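Chains as they are written, first to last, in the working numbering: chain A, 1359 to 1646; chain B, 25 to 406.
Just so you know, the hints here were simulated from the structure itself, not pulled from any lab data. Treat each hint with caution, since some may be false.
Said to hold, decoys possible - Straight-line distance between alpha carbons at most 30 Å, and here's what the computed DSS-like set of lysine-lysine pairs gives: (1) K1636(A) with K1526(A); (2) K115(B) with K1526(A); (3) K136(B) with K1526(A); (4) K1545(A) with K1526(A); (5) K136(B) with K1545(A).
Note that the structure is a prediction, hence the values are computed from the model and not measured.
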Amino acid sequence: MFENILNAAINGFSYGMLLFIFASGLSIVFGLMDVLNFAHGAFFMLGAYMTWAIFSATHNFVLALVAVLALGVCVGAATEVSLLRPLYGRPVYQILLTLGLFFVVNQLVLFIWGPLGGYLGPEDIGLPQVIDFLGANIYLYRVILAVAGVATALALYAFLNMTNIGTKVRAGSESRELAEVFGIDIKTLGTAIFGLGTGLAFFAGGLAEPWVGAVPSTATDFLLLGFIVVIVGGMGSFSGTFLGAILIGIVYEFSQYYLPEITFVAPLLIMVVVLLTKPSGLFGRGKG
Amino acid sequence: MSLLPLVYPSLYWLTIICYLFTMGVFALSYDLVLGRTGVLSFGHAACFGLGAYAVYWVVQAGYPFWLAVIAAMLLGAVTNVAMGTALRRVKGVYFAMFTLAFAEIIYLYLEKQTSITGGTAGVFSPRPDFLQNPNLVYVFAGIVAVAAVCIGCFLVFSSTTKMGRVKAVAGLLILACLVGYAFYNLNSSLFSQLQSPIAAFTVNAYFLSALLMFVSYYLVSRLSRSPLGAIMTAIRENDDRMDMVGYDTFRYKLVIMGVSGLFAGLSGAMLASLATFILTPDVMSANYTLNVLLYSILGGIGTMVGPVIGAFVVEFLHFNIGNIASFIGVPSVANWWMLIIGVFYVAVVLLLPYGIVGTAMIRGRRTLDVLRRAIGGGGSHG
């Protein structure tokens, strides 16, 4: 009993951290560019598959993660420049474009790697699957994941609040026109941030690989959960995304343990309730 | 086109065209919401799917078929209005997310209720018995022939320019040839097949779906040209201004969601009764919403005929992708369909933002102007 609850809690928190890394990219991109990137989920999946591929080749998990992060940034920047820039000023069309991109990337991944996907167990990267904690068995990798998530959160926080670029991003998110008046080059910044967001998606996918595996369903699952996290937390609010991710992660994991039928329905319901009562999100700043 | 079964007898094609017409009505209903009023909704498939299932449930309960169709339309309308009530709180992308969540919740919930939806395996969808009557084919064919002749004569007598009259008479002659050929075919294979109920059903279903398609189109275009339609367009253009001028945009949006839901429910009913053998909960999923979104942007949002054409094009391609692929020489591309849809999305958004019909309208106007100037202003007006 205790083991179950402890596991559910730890899993919930670390799944939440995974969601956070994923959703933070979504949130930052939306905050700055008003684009809801549907392709984010597909990029997540691509990141997972690439991590698996790179790991299969090099047997170095950390290297795979770093490579995938860098790759994600490049892919994101390239996408933004080639596909999204021409549609600047028409957010609905940008969203539709990302939707199309989602399908394309999703199918390409399936095409290249086949429908089965790959799964890296923690043993493959040299860690025990389960360790003993306070007399209960918990999954070690998920704890590591949680730590990684918190580290990423701190890094992002530092980036957003303590660097020049971060300040520019925050300014651009508040008001694009004012930022441009002040001389901030939103276009290049947008490309960079989109790259960052995609990189985070790839990275999240890579981190998730030993847990959820590189399987085709991850794209849609995570996309939906990512949207829920961003909306529940509040678009453009960093702490909102963080806390929203934890909330959704815990709800998701607890439902998996105790009431599997509502695993997806519960987060959706939370999003519906939030949209109806406080559309700007639980911690958002009135952008609803 | 309605003479098609008489001219080209092929049950396979008729079934496909039935489906095309169903999707056409669905696209039409979506255009009312997205194209006319500018409301992005990701939950439209809920109305569609619930409409389809409504037919199943009502028929299961033992009620007559026409009641099932009405129930389907009402259920679609109610669902859409329920989604629309959120418009008071959220707008734009947030509303889109809300509708997505709403539809997904309905889908996920109903998918689990295998007793009423059959789960992923689905249920056998009910087919109206009266459509299995072979004599109905002759009735339909007769109606179509008469209507075609009437329209032809009307065009001849109402055109005001010589060129127009010549064109109308030419069309009428072609029509007469087709009708003659059709009646010549009366003894051909299709009509001898008609004794089998499935064949009769297919042909009748084709006629009925065509009829519903044209009637829906007519109603929707009447709606668009009414004062209500003008208000819808105004809301799409500038929602806040309409609010400030004094229109209760929320109420109007609810109205259009309701009307759109009616047609979506109708198309769902068409799907269940005419176009499909098995009804799965998949019809309520986001898949169908994304499909109809593609029809709309491919055809041209806002133009009524655009989404319908978009539906025809996409679904036609869907059914024939196998043939086309083997024609080109590419190996089995059954799973490539999603990829093609994605490419479609990207291509349309980047290259054809106004859709096929939209771009044609814009270009057409320019071409017409160029031609007019070249010819010198004479000649008929199209």
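How the hints compare with the structure:
no.	hint	result
1	K1636(A) with K1526(A)	holds, 28 Å
2	K115(B) with K1526(A)	holds, 27 Å
3	K136(B) with K1526(A)	violated, 48 Å
4	K1545(A) with K1526(A)	holds, 12 Å
5	K136(B) with K1545(A)	violated, 46 Å
When held up to the earlier numbered hints, the structure conflicts with 3 and 5 and fits the remainder.
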